[in-house]
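Visitor: If you read the sequences in order, they're chains Y and W.
Just so you know, we're using numbering that gives the first Met the number 0 here: the first sequence kicks off at 0 and counts up by one.
Just so you know, we're using numbering that gives the first Met the number 0 here: the second sequence kicks off at 0 and counts up by one.
Note that these hints are calculated values from the structure, not bench results.
Do not rely on the hints blindly, as some may be mistaken.
As the list claims (entries may be wrong) - Only pairs whose alpha carbons sit at most 27 Å apart, straight line, appear in this in silico DSS-like list of lysine-lysine:
#1 Y/LYS108 with W/LYS94
#2 W/LYS27 with W/LYS79
#3 W/LYS239 with W/LYS55
#4 Y/LYS257 with Y/LYS464
#5 W/LYS133 with Y/LYS108
#6 W/LYS133 with W/LYS214
#7 Y/LYS108 with W/LYS131
#8 Y/LYS56 with W/LYS166
#9 W/LYS79 with W/LYS239
#10 W/LYS214 with W/LYS166
#11 Y/LYS11 with Y/LYS108
#12 Y/LYS108 with W/LYS202
#13 W/LYS67 with W/LYS133
#14 W/LYS94 with W/LYS131
#15 W/LYS251 with W/LYS239
#16 W/LYS94 with W/LYS67
#17 Y/LYS464 with Y/LYS252
#18 Y/LYS56 with W/LYS255
#19 W/LYS251 with W/LYS202
#20 W/LYS166 with Y/LYS108
#21 W/LYS255 with W/LYS67
#22 Y/LYS108 with W/LYS122
#23 W/LYS133 with W/LYS122
#24 W/LYS79 with W/LYS94
Unchecked claim - Reference listing, derived: stretches of chain Y covered by chain W, where coverage requires no fewer than 3 residues with Cβ under 8 Å from a Cβ of chain W:
#25 61–71
#26 107–113
Note that CB positions come from ideal geometry on N, CA and C, so glycine has one too.
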Amino acid sequence: MRFLFNLSFRYKIPLWGSLLIVAATLAVSAALIAQAYNDLQNDLLNSSANLGRILAKNLFPAMLQEEVWRGFEIIRAPLHGEGADNPIQPEMILVLDREQHVFVSSHPKLVPMLADLSRLGEDYTHLSRLIAARPQIDAPIIDYFSPLQIYIAVPIAEEGARLGTLVIVHSKGVFLPRFRVVAWRSAVTGLLILAILLPINWYWGRRTSVPLVELARGIGDVARGVIEHPPAATYLYQDELGQLFETYGVMVKALQKKRLLEQEMIRSERLAAIGRLSAGLAHEINNPLGGMLVALDNFKLRGGHDERTLKTVAMIERGLAQIRDTVGTMLVEARVESRDMAPQDLEDVQMLLAGEAHKREVVIELDSDIASPVALPATLMRQVLINLLLNAIHASEPAGTVRCAMRHADQRLTIEVENAGRIVPPEMMAHLFEPFVSGDETGHGLGLWVTYQIVSQLGGQIAVKSGDCLTRFVVLLPTGATT
Amino acid sequence: MKRMILCLLLAMMPGIVAGSPTMHATEKPLRIGLTPTFPNDQYRPLEAWRLYMERKLNRRVEFVQRDKYIETMDLLRLKKLDFAWVCDYPYVYFKKQVRLLATPVSAGRPYYRSYLIVPASDKTTVSMAQLKGKIFAFTDPYSNTGYLAPRLMLHQVGEDPAHFFGKTFFAWSHRRVLEAVGNGLADGGAVSSHVWETLSIGKPELTSTTRIVSKSEEYGFAPFVAQIGVSDAEFEAMRKLLLEMATDPEGKPLLKELNLDGFIAGDPQLYRRVEQVMRILDEK
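Isolated chain Y, as found in the complex:
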């Protein structure tokens, strides 16, 4: 039984609906049949009582004159009616005298003349008692229902004298054909109703259940951490289900936003941690490195070294210098004293990159609205611009164009650098701003790291979008008052 209740709404709603429809149809059919049976029974009782009264009136003189044959003819007449299927037609008629002995019967072979009613069987014994209980002349008509027969007893009385009782026997069996007709009609009507209602019910059930099922699946996905868009356009109405869908949509959107924020936060945290780590490392390396370089200088100044030693020392010196450069690059120090960035700096950057651009046959289009100095350190901004533009040049196809737009408004500087060509692979996207992540084999993978560090330390944001053969970096920087 529980299995039924655990079923999906997809089946449960149509099933329950169908069950209710079937039950209602059955109930209506049963009521119709019961009504028909009742009507039939009432018809029978009325018509039989009428027949009984007429027969009794005619039988009175026949009994009075002991005209058995006349009595026989009177009670036989109603039995030769339209046919056996007429349920109103009696099965047998008996005429009883005062002592409840058969005066005449319509079926003498079954109930012979002179027979004692009370000895004719259980039904008749009971009937005999009923008749005996009402011996008066104006006794009411008795109707008695036995399991198989219906008996109607009418007093044969006239002018204050009662000669006996007329008993009309109906078989309940003749009800059956009529009853069957009614039942058949009810069944056909019921089936028609079912044929109309069941498909409507299934359709309606599906309409209601399918969105519910979708919603349940969607919510289940959310619970498992898979956030997708709400099933679009599966439910278009503004009832509770519609409201549920709307709320679900709002919830999914909020969750998606939250997740993006979380991801962003985690990435920032990671980058910040890497920044702190690399800064710490750089300091720890720089101190002994400085010492080592000073020691090497002192060693060279002392002189008297052979060629071979000097060569080795020079090699060590170069190596250490490389370490210093690398560490220096990693140690982005934004709190350097620098002048504000001026329009002139942009031209310098363009000039500096012209060689590289020319080599790669890439055109740089610079579009800037900066007409006066902006309160941002010029050195760092130059480095940011050079890094982004170099990246773009390297990612461009030959004869491509790199566009750089700069807008300064509302104490905010926006830099947009975009290029057509190779896009950033999705798997790289999450680690793009980490050190030593490079799009090609030529770079050391520190350009974007440095850029990120600078932008972060200046309190700005950097974002990247890559797709459809277009990669665009957007940098937002707050600008203070110019120094």
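Given the coordinates of chain Y, work out where chain W should sit on it, guided by the hints.
Guide: Only chain W this time, still in chain Y's reference frame:
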């Protein structure tokens, strides 16, 4: 449909009761009483017979049907009837009030018998004695074959006819006695051989519901009688008509329908046996 049949019946009524008014409007119709001594519910042949009589006698003829012999005898006595076909017993009983007109001939003889019958389902009864205490159907207290003869039978075996049966009733016609016995309403009954044999031809489904247990001795066939006041001319005309039917091409098929060979003038001697039986049973 029912109304149409009713209209038709009404239209036929004057024909049966009053004859054709156009033909003999002024003349007094001849009134003939018919009783259940023969199967008198064969209305079509009876109407043909009536028209035949009208043609032959050239006057209107009315048939007057009464179930009880005594009523017909009363009508004769009151001169409401000119002729009547009655049973031999009332003829003998009321001999002084009527004249014997003609005796029918069946199977070549002017005699008939009483048949003791039981339901066909009764396979055991072979004699009247076995019906003691049972229900018995008589035809008419003035019937010979349906009342007198079976009583004689009991008398002959030493039983008292008044107390032999458990219950008796009169069905007022041989045919009804046959039906009563066939239906099982009565355990036994007595009927005229003529009625039984005629019905066994026309309605075998009726006679087959009964079984003949025994046949009585012969009695003079139920006669045609004339009211005592009927003129000789009328008497002779009527007798001539009946006697000539057997040779008349129109009369012959009518006789066949009535299951008769014809009529003879009849002789009161034929009915002497009834008188004897009456005396034996002390009915007079």
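Visitor: The structure should be examined with respect to each hint, and the outcome stated for every one.
Guide: Status of the hints after comparison with the structure:
Restraint check for Y/LYS108 and W/LYS94: the C-alpha separation of about 41 Å exceeds 27 Å, so the hint is violated. Proximity of W/LYS27 to W/LYS79 is assessed by CA-CA distance (about 12 Å); at most 27 Å being required, the pair is judged to hold. The hinted pair formed by W/LYS239 and W/LYS55 meets the criterion: a straight-line CA distance of about 10 Å does not exceed 27 Å. Among the hinted pairs, Y/LYS257 with Y/LYS464 is consistent with the structure: their alpha-carbon atoms are about 20 Å apart, no more than 27 Å.
Distance restraint check for W/LYS133 and Y/LYS108: the Cα-Cα separation of roughly 13 Å lies within the 27 Å cut-off, and the hinted pair is therefore satisfied. Restraint check for W/LYS133 and W/LYS214: satisfied, since their Cα atoms lie roughly 19 Å apart, inside the 27 Å limit. For a cut-off of 27 Å, the pair hint linking Y/LYS108 to W/LYS131 stands: about 18 Å separates their Cα positions. For the suggested pair Y/LYS56 and W/LYS166, the alpha carbons sit about 24 Å apart, so the restraint of at most 27 Å is met.
With a C-alpha separation of about 22 Å, the suggested pair W/LYS79 and W/LYS239 falls inside the 27 Å cut-off, and the hint holds. Simply put, W/LYS214 and W/LYS166 have alpha-carbon atoms about 22 Å apart, close enough for the 27 Å limit, and the pair holds. Using a Cα cut-off of 27 Å, the hinted pair Y/LYS11 and Y/LYS108 is violated, with the two alpha carbons roughly 63 Å apart. This hinted pair checks out: Y/LYS108 and W/LYS202 have alpha carbons roughly 22 Å apart, not beyond 27 Å.
For the hint linking W/LYS67 to W/LYS133, the alpha-carbon distance of about 24 Å falls within 27 Å, and the restraint holds. Between W/LYS94 and W/LYS131 the CA atoms are separated by roughly 34 Å; this puts the pair beyond 27 Å, and the hint is violated. The straight-line distance between the Cα atoms of W/LYS251 and W/LYS239 is roughly 15 Å, inside the 27 Å bound, and the hint therefore holds. For the proposed pair W/LYS94 and W/LYS67, the alpha carbon gap of about 18 Å is at most 27 Å, so the pair holds.
About 21 Å separates the Cα atoms of Y/LYS464 and Y/LYS252, which keeps this hinted pair within 27 Å; it holds. Between Y/LYS56 and W/LYS255 the CA atoms are separated by roughly 42 Å; this puts the pair beyond 27 Å, and the hint is violated. Between W/LYS251 and W/LYS202 the CA atoms are separated by roughly 21 Å; this keeps the pair inside 27 Å, and the hint holds. Our distance criterion of 27 Å between C-alpha atoms is met by W/LYS166 and Y/LYS108, whose separation comes to about 16 Å.
For the proposed pair W/LYS255 and W/LYS67, the alpha carbon gap of about 26 Å is at most 27 Å, so the pair holds. The suggested pairing of Y/LYS108 with W/LYS122 holds, with an alpha-carbon distance near 15 Å, which does not exceed 27 Å. In summary, the hint linking W/LYS133 to W/LYS122 is supported, as the alpha carbons are separated by about 15 Å, within the 27 Å threshold. Distance hint between W/LYS79 and W/LYS94 is fulfilled; the C-alpha atoms sit about 17 Å from each other, no more than 27 Å.
Given as covered by chain W, the stretch 61–71 of chain Y passes the check, having 5 residues with a CB less than 8 Å from a CB of that chain where 3 are the minimum. For the stretch 107–113 of chain Y, the proposed coverage by chain W is satisfied: 5 residues have a C-beta within less than 8 Å of a C-beta in that chain, meeting the threshold of three.
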